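Protein sequence lines correspond, in order, to chains A and B. Position 40 (the first sequence) corresponds to 40 in the working numbering; numbering is contiguous. Position 27 (the second sequence) corresponds to 27 in the working numbering; numbering is contiguous.
Errors might be hidden in some of the hints.
Some but not every residue of chain A turned toward chain B, in silico, with C-beta under 10 Å [stated by the list, open to error]:
id	residue
1	Ile52
2	Asn55
3	Gly57
4	Arg130
5	Phe131
6	Arg175
7	Thr272
8	His276
It is worth saying that the hints were derived from the structure and are not from the lab. Keep in mind the model is a prediction, meaning the values are calculated, not measured. Ideal Cβ positions, reconstructed from N, Cα and C, are used throughout, including at glycine.
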Amino acid sequence: MTHAPLTRRAMLVASAAAATLPALSTAQQAILTRAIPKSGEALPLIGLGSWITFNVGNDPAGRNASTAVMRAFFAAGGRLIDSSPMYGSSQEVIGEGIKKAGNASRLFAATKVWISGGSNGPAQIEESRRFWGVPKFDLLQVHNLLSWEEHLPTLFAMKAAGTLRYVGVTTSHGRRHDELERIMKTQPIDFIQITYNVASREAESRILPLARERKIAVIVNRPFEGGDLIEATRVKPLPAFAAELGCKSWAQLMLKFIIAHPAVTCPIPATTSVAHVQENLAAASGSFPDQAMRARILAAVGTA
Amino acid sequence: MSEWWTYSLSDFLLFSPRTYHRLFELYNEAVWPAHIAAAALAIAIMVSIRRNDGRTVAAILAIVWLWNAWAFHLDRYATINWAAVYFAAAFVLQALLLLWTGVVRDALDLSSRSRTGITLFAFALVIQPAIALLVGRPWTQSEIFGLAPDPTAIATLGILLLARRPQWHALAIPLLWCIVTGLTLWTMEDPGALLSPMAAALAFALAAWKTLAPSRKPRDESHRG
Ligand SMILES: NC(=O)c1ccc[n+]([C@@H]2O[C@H](COP(=O)([O-])OP(=O)(O)OC[C@H]3O[C@@H](n4cnc5c(N)ncnc54)[C@H](OP(=O)(O)O)[C@@H]3O)[C@@H](O)[C@H]2O)c1
Numbered sequence: 001m002t003h004a005p006l007t008r009r010a011m012l013v014a015s016a017a018a019a020t021l022p023a024l025s026t027a028q029q030a031i032l033t034r035a036i037p038k039s040g041e042a043l044p045l046i047g048l049g050s051w052i053t054f055n056v057g058n059d060p061a062g063r064n065a066s067t068a069v070m071r072a073f074f075a076a077g078g079r080l081i082d083s084s085p086m087y088g089s090s091q092e093v094i095g096e097g098i099k100k101a102g103n104a105s106r107l108f109a110a111t112k113v114w115i116s117g118g119s120n121g122p123a124q125i126e127e128s129r130r131f132w133g134v135p136k137f138d139l140l141q142v143h144n145l146l147s148w149e150e151h152l153p154t155l156f157a158m159k160a161a162g163t164l165r166y167v168g169v170t171t172s173h174g175r176r177h178d179e180l181e182r183i184m185k186t187q188p189i190d191f192i193q194i195t196y197n198v199a200s201r202e203a204e205s206r207i208l209p210l211a212r213e214r215k216i217a218v219i220v221n222r223p224f225e226g227g228d229l230i231e232a233t234r235v236k237p238l239p240a241f242a243a244e245l246g247c248k249s250w251a252q253l254m255l256k257f258i259i260a261h262p263a264v265t266c267p268i269p270a271t272t273s274v275a276h277v278q279e280n281l282a283a284a285s286g287s288f289p290d291q292a293m294r295a296r297i298l299a300a301v302g303t304a
Numbered sequence: 001m002s003e004w005w006t007y008s009l010s011d012f013l014l015f016s017p018r019t020y021h022r023l024f025e026l027y028n029e030a031v032w033p034a035h036i037a038a039a040a041l042a043i044a045i046m047v048s049i050r051r052n053d054g055r056t057v058a059a060i061l062a063i064v065w066l067w068n069a070w071a072f073h074l075d076r077y078a079t080i081n082w083a084a085v086y087f088a089a090a091f092v093l094q095a096l097l098l099l100w101t102g103v104v105r106d107a108l109d110l111s112s113r114s115r116t117g118i119t120l121f122a123f124a125l126v127i128q129p130a131i132a133l134l135v136g137r138p139w140t141q142s143e144i145f146g147l148a149p150d151p152t153a154i155a156t157l158g159i160l161l162l163a164r165r166p167q168w169h170a171l172a173i174p175l176l177w178c179i180v181t182g183l184t185l186w187t188m189e190d191p192g193a194l195l196s197p198m199a200a201a202l203a204f205a206l207a208a209w210k211t212l213a214p215s216r217k218p219r220d221e222s223h224r225g
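Between the sequences and the hints, there should be enough to build the whole structure, so can you do that?
Here's what the structure looks like:
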C-alpha cells in the first residue's frame with residue numbers, strides 16, 4: 001500500500017476542474033464532470049460497471065431490474081457504461097436496457113476486446129456492437145492486456161477511420177503495472193482502466209502520476225473492491241466528518257476518496273440496485289476531500 | 001496467465017447466486033412436464049438395475065447426459081457462463097462413453113449391489129431436489145435428476161458404483177463435474193457447496209478401493225448376482 005504525494009493544490013485544481021462542467025441532470029444536485037485529457041470532452045465523475053450485476057441471462061425479472069438501474073443512472077446524469085465480452089450476457093442486457101430506458105441519448109459506450117489473437121478482434125468487436133445496438137463505441141479497451149500488441153493497431157485504425165472515439169487498455173487488482181506502464185509510455189492510448197480504492201492503492205505510486213503526465217484518462221474499476229469494502233464497513237458507524245463532504249454513506253465516502261485524486265476520470269461502481277446507483281451518482285457532487293481529509297477517510301475505513 | 005497467484009476463484013465467478021438459482025427456476029418452468037419423463041426414466045433405471053440390464057441403464061443415462069448438454073448447458077447456462085459450451089461438450093462426451101461402454105460393448109455389469117452406490121443414487125433422486133427448500137429457497141428452484149447436472153452426475157456415479165469392475169473412463173467426467181459445481185457453489189458461498197464434492201470423494205474412494213483390491217469383497221457389498 002502506498003500514499004500518493006498529492007498536494008493540497010493538486011486537490012483544489014482537481015475539484016475546480018471538476019466543478020466547472022456540470023452535466024445535464026434531473027437530480028437535485030448537478031453531477032460534476034471531468035475532462036478526458038486528450039480531447040477535453042467532459043465525462044460525469046461516476047460511471048457504471050456491469051460485471052456480474054448485469055449478467056442475468058434471459059431472466060425477464062433480472063433484465064427489468066437492470067433496465068431500471070440504467071434508467072436511474074441516465075436520469076441522474078450518468079453517461080459511461082463499461083462492459084466486456086467476458087461478462088456473459090451483460091452486453092445484451094445493456095443493449096436491451098438502453099433501448100428500453102428511453103433516456104440514454106448521452107450514453108458513453110465503453111466495452112472491451114477480450115480474445116486471444118489480433119485477427120479475432122474485429123469479429124468480436126462487431127458482435128459486441130450488435131449486442132449494445134450502438135452505431136459505434138465511444139471507447140474500446142483491451143481487456144486485461146490480452147494480446148494487446150495485436151489488438152491496439154486494430155483499435156487505432158478504427159479510431160483513425162472514425163468508427164471509434166477512444167482507445168484504452170485495462171487491468172485490475174493491481175496486476176501487471178510494469179507492463180501497463182510500458183504501454184502508457186509507448187502507445188498513444190486515450191484511457192487506462194485500473195483498480196483503485198481505499199484498500200488497493202498500488203496505482204498511486206507510478207500509474208496515476210504517469211497518467212497525468214501522459215494525458216491519459218483513468219477509469220477506476222472495483223471502487224468497492226467488488227463489494228468487500230461495503231461488507232467490511234457495514235457495521236461501522238459513519239464518521240462525523242462525512243457530513244462535511246455531503247456523504248450519507250460509506251459508499252459515497254469511498255467514491256469521493258477516489259474521485260478526489262486528480263488523475264482519476266471516473267470510477268465505475270456496479271450495482272443491481274436503483275437506490276445504490278442514485279447514491280453513487282450523488283457522490284459526484286458537492287465538495288471533494290483534500291489530502292488531510294483523504295487520510296482521515298483511510299483511517300476511518302481502517303486501511304490507512 | 002501471469003501473476004496467477006493473485007487470482008482467486010471469485011475472479012472467475014460471472015454471475016450472482018440469485019441469477020444462478022433463478023436459472024433453475026426458469027428452466028424448470030420452461031421444460032415442465034419433462035419432470036414426469038425424468039421420473040419415469042429414474043424408475044426404468046431402477047427396474048433395469050434389478051434385472052441387471054446394464055444396456056438399458058447406460059442408454060437411459062446417455063439420454064439424460066445429452067439432454068443436460070443441450071437443454072441445460074447450451075440453452076440455459078451458456079446465457080450467463082461462456083464456459084458452459086465446454087461443459088456441454090464434456091456432457092456429450094460422457095453420453096458417448098456411456099453408450100460405448102454399456103450399449104456397444106455391453107460391459108456394464110451392475111450386479112454388485114454396492115450400498116454406497118445405491119445410497120448415492122437415492123440421494124440424487126430424493127435429497128438433492130429438496131436441497132433448495134432445505135436451505136430456504138423456493139421449491140421451484142429444485143434440481144431434478146435427469147434435468148439438472150448435479151443430481152444427474154451423482155446418480156450416474158452411484159449407478160456406476162454398482163458395476164463389478166469400476167469403469168474409470170465413465171466415472172471421470174461425473175467426478176470432474178462434481179468438483180466444478182462444488183467450486184462454483186463454494187465461490188457463491190452456497191450452503192450446499194460441499195455435497196457434490198463429498199459424493200465424488202466417496203465414489204472415487206470406493207472405485208479406487210475396488211480397483212486396487214479386486215479380489216477382496218468391499219465391506220459394503222453383498223454379492224447376490
Ligand atoms: N479487468 C477489468 O477490466 C475489470 C476488472 C474488474 C472490474 N471491472 C469493471 O469495473 C466494474 C466495477 O467493479 P466490480 O463490479 O468488480 O466491483 P465494485 O463496483 O467495487 O463492487 C460492486 C458491488 O458493490 C455493491 N454496491 C455498489 N454500489 C453500492 C452502494 N451504493 N451501497 C452498497 N453497495 C453497493 C454492489 O452490490 P448491489 O448490487 O447490492 O448494489 C456490487 O455487489 C465492473 O462491474 C466492471 O465493469 C473491470
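Hint check results:
{"no.": "1", "hint": "Ile52", "verdict": "holds, 6 Å"}
{"no.": "2", "hint": "Asn55", "verdict": "holds, 5 Å"}
{"no.": "3", "hint": "Gly57", "verdict": "holds, 4 Å"}
{"no.": "4", "hint": "Arg130", "verdict": "violated, 16 Å"}
{"no.": "5", "hint": "Phe131", "verdict": "violated, 12 Å"}
{"no.": "6", "hint": "Arg175", "verdict": "holds, 5 Å"}
{"no.": "7", "hint": "Thr272", "verdict": "holds, 7 Å"}
{"no.": "8", "hint": "His276", "verdict": "violated, 14 Å"}
In summary, the structure is inconsistent with hints 4, 5 and 8 from the numbered list given earlier, while agreeing with the others.
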